[in-house]
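Here is what each chain is made of, one letter per residue.
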Amino acid sequence: VSLENVPSPNETARTAFLHREILQLAVLIVAAVLLFFGTRAVAASNRRMRLRDAAEWSERGERALAAARLDEGLYDFRRAAALFRQAGDCGNALDQFQRVLRLRPQDAAALAGAGACAFQLGQYDLARRYQTR
Amino acid sequence: MNASPSTAQQLRVREHHLFLVLTIVIGIIAGLTAVLFSVAIAQVSHRLFGLAPSPARLLAVPLLVSIVTGILLAKVFPDVRGSGVPQTEAAYHLAGGAIPARVPIGKFITGVLCIGSGHSMGREGPSVQIGAGLASVAGRWLGLSPQRIRDLVPVGAAGALAAAFNTPVAAVLFALEEIIGDMNAPLIGSTVVASVASVIVERSILGNEPLFHVPTYRLVHPAELAAYAVLGIIGGIASLLFCKGLLATRTLFRRLPPATQILQPAIGGLIIGAILLYSPAIMGVGYDWVDQALNGGLLWKTMLVLCVLKLVATIVSYASGNAGGIFAPSLYIGAMAGGAVGVIVHRFAPFPTGDPGAYALVGMGTLFAGIIRAPMTSVFMIFEITQDYQILVPLMVANLLSFVISRRFQPIPVYHALLLQDGIHLPSPATRAPNTARTAGHIMDAEAELVSPDLSIEAAWQWAQDQRWPTYLVGTRDHLLGTVTREQLRDASALAGGSALVSSLVSEGIHVHPDHPLDVVIDRLSQSGGVLPVVSRADVHRLEGMITADTLVRRSSR
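Just so you know, the sequences run in chain order G and P.
Per my numbering, the very first residue in the first sequence carries number 1; after that it's consecutive.
Per my numbering, the very first residue in the second sequence carries number 1001; after that it's consecutive.
Read the hints as simulated data drawn from the structure, not as lab findings.
Incorrect hints may appear among the rest.
To spell it out: a stretch of chain P is covered by chain G in this simulated footprint if at least three of its residues, at any positions, have a beta carbon under 8 angstroms from a beta carbon of chain G; those stretches are [unchecked claim]:
1) 1036–1045
2) 1198–1207
Sample of chain P residues facing chain G (criterion: CB under 10 angstroms; computed from the structure) [stated by the list, open to error]:
3) Leu1018
4) Ile1028
5) Ile1029
6) Leu1051
7) Gly1143
8) Pro1215
9) Thr1216
10) Gly1297
11) Gly1357
12) Glu1458
Beta carbons are placed, not taken as given, at the ideal position from N, Cα and C, and that holds for glycine.
Could you put the whole structure together from the sequences, leaning on the hints where they help?
Printed below as a string of structure tokens:
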């Protein structure tokens, strides 16, 4: 078959081509939707992992305090607070910030964190007290 | 069937709409993949190291995993080392946006393994390459025109970066400023659409939390600007140290015999393991530690040590050929440097100052501006990842200083310098020709006379005496070695009797690329010895033609 005998693509062929494109686009959209649910599931398991880690840091902090290792305890509570906050668990994050504040009442970072968390939880009076301390 | 003009027009309009829908879909896919990439790294890292890893584990994990990734990077996915941003730029400018399907797949797998196993590298550069790669693959699968396929590359890159950092504005700026290299690019519409689509989907999964939580920092006293300026200078110097160190170390690794290439990531893994033993804080992306520095939770000595260690570790990880970026490390190094400076300023400055955290924040920007060299992106990036508007003025001052210092002493940005090491010369805005200009490619002589490198110096000297020009190209068309001058040949043939080969005299001379405009050609011709080789951008050893003063006069007057 000589290539010269192949007709140049006319508008009908181009229409068919675009129809095929729309089909392919639909496939891409389906792929995107599947990817969305897949990613959401993995992200949810990641969040659970962070929450478990946060809880463990908090326990470590308690153990460190029981053994009178103050600095280590502070460090552990800060890690726990940051992880809870990243996972979107403001209630527990506030609790961890408050543990830091019990040890160091003027800790600027913990005050700011506790204030922001209290604000997000809707406890505005508490938030104001932390933010203005 | 009869094709009326109106049908053709309708079809064009439809292709336009199709492209718009495709932009949204690509943005979403790139964004989701970036989220998946970062989550996968966190999972792998958690599985490999646990919460508080033992010393044996810290030493063994990077080494053992790097042996596996070394094999993958050498045998299965040869073109996915390093950041991915320079490779994406090269694909956009030189390959018409064509990125093979194995690149995004390979980058995902090797990136997760490298960063998850503790290598001190970032996840954003790889995300950009994965996003751009998926966009290019989708474009080709849909059979789009070459121009559209090329256009999809920055679109995918913007979508990926927007989701990786939760920074829609900075992602658009980065696609324009760094990938395309033109802030006025007509693609701004598509990149904005992709970035918005990507961020909406990302936030629906991860929530609209900024990457870092910081208290609102502000400029406390006008004199503080001077302190921020000093921080900018320190940031510029640290950026230079990083860039020079990275390029030099990479040269060192590249000089090792090619057979060792498969093992080089493991050498890096061993060194990283040793550094992790000393301080696990430099592991992986390291945003937890940046967060602490931003919130004033670290001592200044700790921050200083972490700054130096992270700098060294990132250089080792990158130079040894692992897959991962330098965005996150530059933010980390900057936060630590800035935090350390902040504590000192806070303690000794005669005027009231902000918290050290504010300096850590500005420090992040200075290193980003100095290393990545995208000044607009760096300002907006820091603003968006902390959502702190108050600090913008000191941030701009410090970023600019760092950028200027870095540009003064390292004229070629590190991404482009890395490509140069691979023999790829990207067009820079300064040497890019306007569309109407005549270029080196138009006027060059495609026929070039070459001296064979295997010729003896004596024979070459005999030949040279009959030539008009005092400089000669040495090599073959596919592998140009450089130039040699008539004086060099004369002196060498008189001195050594001339039995040595010409190749021993060759020096890598000045060259132009086919797309260089005539004023660049004239400029370079005057610096050359009279003969200017025209070489390919994709491979600087491939000769396309040559230009002499004679050609310049003869051809450009036509």
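Each hint tested on the structure:
1. Counting residues of the segment 1036–1045 of chain P whose CB falls under 8 angstroms from any CB of chain G gives 5; the rule of at least 3 is met.
2. Counting residues of the segment 1198–1207 of chain P whose C-beta sits closer than 8 angstroms to any C-beta of chain G gives 4, which meets the bar of three, so the coverage hint holds.
3. Given hint, P:Leu1018 at the interface with chain G, holds; its Cβ is 6 angstroms from that chain's nearest Cβ, closer than 10 angstroms.
4. Because the closest C-beta pair between P:Ile1028 and chain G is about 5 angstroms apart, less than 10 angstroms, the hint holds.
5. Here the hint on P:Ile1029 is kept, as its CB sits about 5 angstroms from the closest CB of chain G, short of 10 angstroms.
6. For P:Leu1051, the interface hint holds, since its Cβ comes within 10 angstroms of a Cβ in chain G; the closest pair sits about 6 angstroms apart.
7. A cut of 10 angstroms between beta carbons decides the hint on P:Gly1143: the least distance to chain G is about 7 angstroms, and the hint holds.
8. The beta carbon of P:Pro1215 comes within 4 angstroms of a beta carbon in chain G, closer than 10 angstroms, and the hint placing it at the interface holds.
9. Interface restraint check for P:Thr1216: the shortest CB-CB distance to chain G comes to about 8 angstroms, inside 10 angstroms, so the restraint holds.
10. The restraint placing P:Gly1297 at the interface with chain G holds, with a minimum CB-CB distance near 5 angstroms, inside the 10 angstroms limit.
11. This hint holds: P:Gly1357 has a C-beta 7 angstroms from the nearest C-beta of chain G, less than the 10 angstroms allowed.
12. With a cut of 10 angstroms, the hint placing P:Glu1458 at the interface with chain G is violated, because the nearest CB-to-CB distance is about 54 angstroms.
Figure legend: structure checked against the earlier numbered hints; the only hint not met is number 12.
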